[in-house]
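Trainee: The residues making up each chain are set out below.
2 protein chains.
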Amino acid sequence: MHTLVPVDLQTEPYTIRIEAGVLSELSRCLPSAAQAVVISDTQVADHYLALVCECLQENFERIDTITVPVGESSKSVEQAESVWNQLAELGTDRASVIIALGGGVVGDLAGFAAATFARGIQLIQIPTSLLAQVDSSVGGKVGINLPSAKNMVGAFWQPSHVVIDPSVLNTLDERNYVAGLAEVAKYGVIMDAAFLEMLENRVARIHSRDPEFLSEMIARCCQLKAQVVVEDERETTGRRAILNYGHTFGHAIEAVYGYGEYLHGEAISIGMQMAAELSAEIGMLKDDLSLRQSQLLQDLHLPVRLPDDRRLELLEAMKKDKKVNAGQLRLILPEQAGFVKQVIAPSEQTLLSCMEAFVNTD
Amino acid sequence: MHTLVPVDLQTEPYTIRIEAGVLSELSRCLPSAAQAVVISDTQVADHYLALVCECLQENFERIDTITVPVGESSKSVEQAESVWNQLAELGTDRASVIIALGGGVVGDLAGFAAATFARGIQLIQIPTSLLAQVDSSVGGKVGINLPSAKNMVGAFWQPSHVVIDPSVLNTLDERNYVAGLAEVAKYGVIMDAAFLEMLENRVARIHSRDPEFLSEMIARCCQLKAQVVVEDERETTGRRAILNYGHTFGHAIEAVYGYGEYLHGEAISIGMQMAAELSAEIGMLKDDLSLRQSQLLQDLHLPVRLPDDRRLELLEAMKKDKKVNAGQLRLILPEQAGFVKQVIAPSEQTLLSCMEAFVNTD
Chain A
1 MHTLVPVDLQ TEPYTIRIEA GVLSELSRCL PSAAQAVVIS DTQVADHYLA LVCECLQENF
61 ERIDTITVPV GESSKSVEQA ESVWNQLAEL GTDRASVIIA LGGGVVGDLA GFAAATFARG
121 IQLIQIPTSL LAQVDSSVGG KVGINLPSAK NMVGAFWQPS HVVIDPSVLN TLDERNYVAG
181 LAEVAKYGVI MDAAFLEMLE NRVARIHSRD PEFLSEMIAR CCQLKAQVVV EDERETTGRR
241 AILNYGHTFG HAIEAVYGYG EYLHGEAISI GMQMAAELSA EIGMLKDDLS LRQSQLLQDL
301 HLPVRLPDDR RLELLEAMKK DKKVNAGQLR LILPEQAGFV KQVIAPSEQT LLSCMEAFVN
361 TD
Chain B
1 MHTLVPVDLQ TEPYTIRIEA GVLSELSRCL PSAAQAVVIS DTQVADHYLA LVCECLQENF
61 ERIDTITVPV GESSKSVEQA ESVWNQLAEL GTDRASVIIA LGGGVVGDLA GFAAATFARG
121 IQLIQIPTSL LAQVDSSVGG KVGINLPSAK NMVGAFWQPS HVVIDPSVLN TLDERNYVAG
181 LAEVAKYGVI MDAAFLEMLE NRVARIHSRD PEFLSEMIAR CCQLKAQVVV EDERETTGRR
241 AILNYGHTFG HAIEAVYGYG EYLHGEAISI GMQMAAELSA EIGMLKDDLS LRQSQLLQDL
301 HLPVRLPDDR RLELLEAMKK DKKVNAGQLR LILPEQAGFV KQVIAPSEQT LLSCMEAFVN
361 TD
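One line per chain: the protein sequences are A and B, in this order. The opening position of the first sequence corresponds to residue 1 in my numbering, with each subsequent residue numbered one higher. The opening position of the second sequence corresponds to residue 1 in my numbering, with each subsequent residue numbered one higher.
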């Protein structure tokens, strides 16, 4: 049983393959080339690197590996430089293929290396975290962080293949699994009310990590994301912006509390709830989505509040966000379940007042 | 009097404007935006930064500047990181425009920053060296060096506008002016025998930097380059490779002797002569181009020999070149004046033996 999700980009269309157990059968899904460089982090490498290299013997004359430390701090200029230098030492050239084996951090860093090494080489994404499987491995956004802003340096660089094995989620720790569910819930909220309702009704199955259910859930997320990406590959028409729901708040939370204090998905969960409550506050939200979303996120064991009051810092961080366009901060806010809209942010006063409910002001 | 050279790329066509004195009249040639960040080096900044900022007051609500040290060493990861951080501090976003005001180093570094900051923002090239005017500002190649290999990290990122003022060459020092002439001569050798002959007959006018003549000469180079770039924007069909004539040898010379010891154009001059003599050696060259080219390069005051014997190091550096494809080193060699061809490099023995004429083996 496998699902193929086409990503019909005009220039270079590709397919996302979702199949439990596919990691042991990579050879038949991937192309051949002279050299593959598998980029991974130490934790994922422990679990899957040997298996992947073994399975790909037939496809590549030579397989090299680069392993980076676990965690968001690897999305740094320093780590990118280290990867570039290692690729140069390994004799990587334009006929080589980079395989990103790991979660969102590995995918973003390895993808950025692929986009920039020798002015761009082929990229294959094999995401191993739920977050990467439903979000970051699809759509071509790659990049690294600057100390002052997340994902501020990067590129649009589409993979040639995305191969997703939901059964690897069995080895994913609870916290990272749960964090990935924030992006899953996001798709329901922003563009698919039926999917949102399904998630609300299947919380137990979600937590049990039932492989069959997971495959369906991940495939639906990939379909929804592919649909948006095809309409707006390089974030120029505005359509793709809906995927940033919760992200302007979320990125600010990550920046202010330190990348790594909150996992990306956890910060996005709080950010989504901030967006929903702000939308209700300014009279834009027409239904009970804010309540439903808060319930779902908490049922999924995701945070929806912050431990202390750093609202002024959050506001400053938000102003540095890439979504600030010509000095104007824009936010994605929900109108009702399944529908969001990009709006110019309300006054700082309104933002601060809305965020008050989220912080501990003791 | 101005010349417009169209670069008819499928996705984003643009125009190169060549006009003496245009630097004082930039306002009418460039678009408007909220913010421009002019990236320059300290030397070019001394001459032209105030003028450019003054002239662009009307076009931009805000003009910021970033100045980097003079020289090839600025094409480093460290300097790119510094530029990224400064852009973040300046609040640069996707509605901003980066203006590269300077020679090849500034164009490549600023272009790489434009390609990667916020996943890509608009780039305007205002090249101020001959090398940049006839070569690096046109065609979209941007990037930085790794310690082990030149231009190894980069992207294809097309400018939205290229504005060339040949009169700024009056302030260019003799050595840099002469170095740029290597790329001028290259166009004649690789694709335009009539242009080559014209250069041979106009050495005195070239050295006098006659503005009218320079405008014509630069425009012809831009036309020739644009023609190749349009046929092969991302170096995939092989056509664009002809522009690398002399560059595999030249990049190795730069790497082995240290970036900065030789100017790019000087290294390319020696590299072109190596390519021509190798072609003669292996029986591929059908006419007296090798002799003519050697004469022209020397008439232009360019070097065609090396001071000592580092052939083994040069060979090692060549193997790391981006033009090594699937482990095979390729070279662009001339067949006759105006025609070159990409071939698989002959044996290391042949390369070493051919290079012997170029080195001082005392």
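Derived by calculation from the structure, the hints in this document are not laboratory data. Misleading hints may appear alongside valid ones.
Looking from chain B toward chain A, a few residues come up when the C-beta cut is under 10 Å (computed) [said to hold, decoys possible]:
1) 11
2) 117
3) 119
4) 120
5) 151
6) 156
7) 282
8) 285
9) 286
We treat Cβ as the ideally placed atom computed from N, Cα and C, and that holds for glycine.
Trainee: Decide, hint by hint, whether the structure agrees.
Mentor: Results for each hint:
no.: 1; hint: 11; result: holds, 8 Å
no.: 2; hint: 117; result: holds, 6 Å
no.: 3; hint: 119; result: holds, 5 Å
no.: 4; hint: 120; result: holds, 7 Å
no.: 5; hint: 151; result: holds, 8 Å
no.: 6; hint: 156; result: holds, 6 Å
no.: 7; hint: 282; result: violated, 24 Å
no.: 8; hint: 285; result: violated, 28 Å
no.: 9; hint: 286; result: violated, 31 Å
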